[in-house]
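Peer 1: Residue-level listing of the chains:
Protein chains: 2
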Amino acid sequence: MRVIADVLGADAPGEVLARACIEGAKSAGASLTLVASAEVFDALGAELLRETECVCCDEIVTMHDSPMSAVKGKKNSSMARALTLLKEDRGDFVLSAGNTGALVTGASVIVGRIRGVRSVAIGAVLPFDPPLLLLDSGANLNPTAENLLEYAHLGSLYMEALFQVKRPRVALINNGAEETKGPELYRSAYALMKADGKLNFIGNLEGRDVPFGKCDVLVADGFAGNLTLKLSEGFGAYLRKTLKEMLLQSAKSRVAALLLKKQIRALKQKLDYTEYGGAPLLGLKKTVIKAHGASDAKAIGNAIRFAARYAASGFAETLPLRLEGSK
Amino acid sequence: MRVIADVLGADAPGEVLARACIEGAKSAGASLTLVASAEVFDALGAELLRETECVCCDEIVTMHDSPMSAVKGKKNSSMARALTLLKEDRGDFVLSAGNTGALVTGASVIVGRIRGVRSVAIGAVLPFDPPLLLLDSGANLNPTAENLLEYAHLGSLYMEALFQVKRPRVALINNGAEETKGPELYRSAYALMKADGKLNFIGNLEGRDVPFGKCDVLVADGFAGNLTLKLSEGFGAYLRKTLKEMLLQSAKSRVAALLLKKQIRALKQKLDYTEYGGAPLLGLKKTVIKAHGASDAKAIGNAIRFAARYAASGFAETLPLRLEGSK
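First to last, the sequence lines map onto chains A and B. Plus 422 on top of the position in the first sequence (first one is 1) and you've got the working numbering. Plus 422 on top of the position in the second sequence (first one is 1) and you've got the working numbering.
Read the hints as simulated data drawn from the structure, not as lab findings. A hint or two may mislead.
Copies of the same chain look alike in the list, so a pair counts if it works inside one copy or between any two.
[Claimed, not checked] Only pairs whose alpha carbons sit at most 35 Å apart, straight line, appear in this in silico DSBU-like list of lysine-lysine:
1. Lys497 with Lys636
2. Lys588 with Lys666
3. Lys707 with Lys663
4. Lys707 with Lys720
5. Lys509 with Lys683
From just these sequences and the hints, can you work out the full model?
Peer 2: Below, the structure written as structure tokens:
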């Protein structure tokens, strides 16, 4: 398994991400093609890069670039180079922590969407019990109701193939349970999903029910989905911080912390949004994984392991056939 | 202080809400006008209603009614009656746990918006440290960028007046920190807020930063705001549940629970979204409070105390002048 990693233009510095990729690929037993700038390679040094294939390029897609200008105007960026390498079968998947919009547009243009898919969606797995696939978590901020229906199918097939969930329960995020609730986009999507006999559509889900395992696939537009993903992440971090403060407050609480050691470790893991580390772009011909912009070695390692499992499942390649069957 | 409470058409049964209102008003030292159906009054009985003014009506705005049809078609509903009583100065504020859209439209039509306010916003306080005002949390699902700018001003004035925050830090919820991020609505609102010299606008805030006290006022469209509010509520409940399971797991963990008694109580309070119990509709001539549809006596009591403080502050009445000054 070979990872092609684009480490420029993310929230974390390229060098930090590159180190995380080297370590992560090693721990996941994968080979690594690193696409980065000369500065990053210099800083890492030859010894560290001994087993890594290095692709050097100095153009960077920044967080300020609009998706189209990045794809059309920066053909030599690390992102475009990484995607082109994937297209040319020089690796099994691309991992990038860069500008999400540019990655989605770039991947759609360079790697290509599979036939019949009109809009790529980012599918992020939230570590609840059972895990919940949230899509779209940020690829398309202006989807149509038909796009949302497509996400429902993509998500169902994904949870079946990757998480062995039978007849995944699909819900639509909304501000009320009734089908009359929500903006026009959501009311139309509700009608389409309800009318679709192949989906196990269970209706609208309000934000307060999201952590309680009521569905397997949660459909949202990219803006609402991104908000849901990042709020979940934020609350996980907030709870970990609050818990830590609580346990360090006094001598008594520190004794309690010792008694709770096992449970605290389990809880921390439950609230850790780096567990899945990366989110695949669903609907592409090949595997592209969006890694968290501030990813550390652990998150990158998890993302690589996850991506390897995803790439090995052949999900992307068999998706056209699966989608055909679901219609 | 007199509360006018509409208890029909909410998620919780009318009788349950009515009992909560009677208890809540008592504990808050307020008089109560209860607007409900004959069935609810029968079930409560004369003894319980001894100090309550009863207004009987049998039409109910349900969760399925569209806002306009509810306001135009159900003039004798408990909601319309409660709002009319407020308009006629027969109480200090209305508390309702009914259909949010209908309450917003009904209040705008019957009670009226203050001059210069084009769109009413629901302002919900999230119990972080410091507390965060989130608006709009569900009044208007299709606001304009100008509406969002107005929310920023309403929210700033509110946090100054009710929470004594000087120059409240205003942020816009978004899927990225950069001003180029987000749907067109958000990019336009960003430009308007940035250009407004009277606002202490600090830029976009991503979901993951919401719990960490980085702003005092968080502006969102009603759909995104409602999602943020309900996700916060859901995560609070999820953590309380998870913590409880963790502490009851073994004999050792139960000892730890005893040692942590004080901290657990504080944490529970921190995660309790009934603490403020209700959210005011900002921009109206008088005070209307949206109570949580599944409110219990404690939440209703908190909502009444909070509303009493809000009504007593004269915020609604002095708002036209304050808004004038902020422009």
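Peer 1: Determine which of the earlier numbered hints do not hold for this structure and return their numbers in increasing order.
Peer 2: 1, 3 and 5
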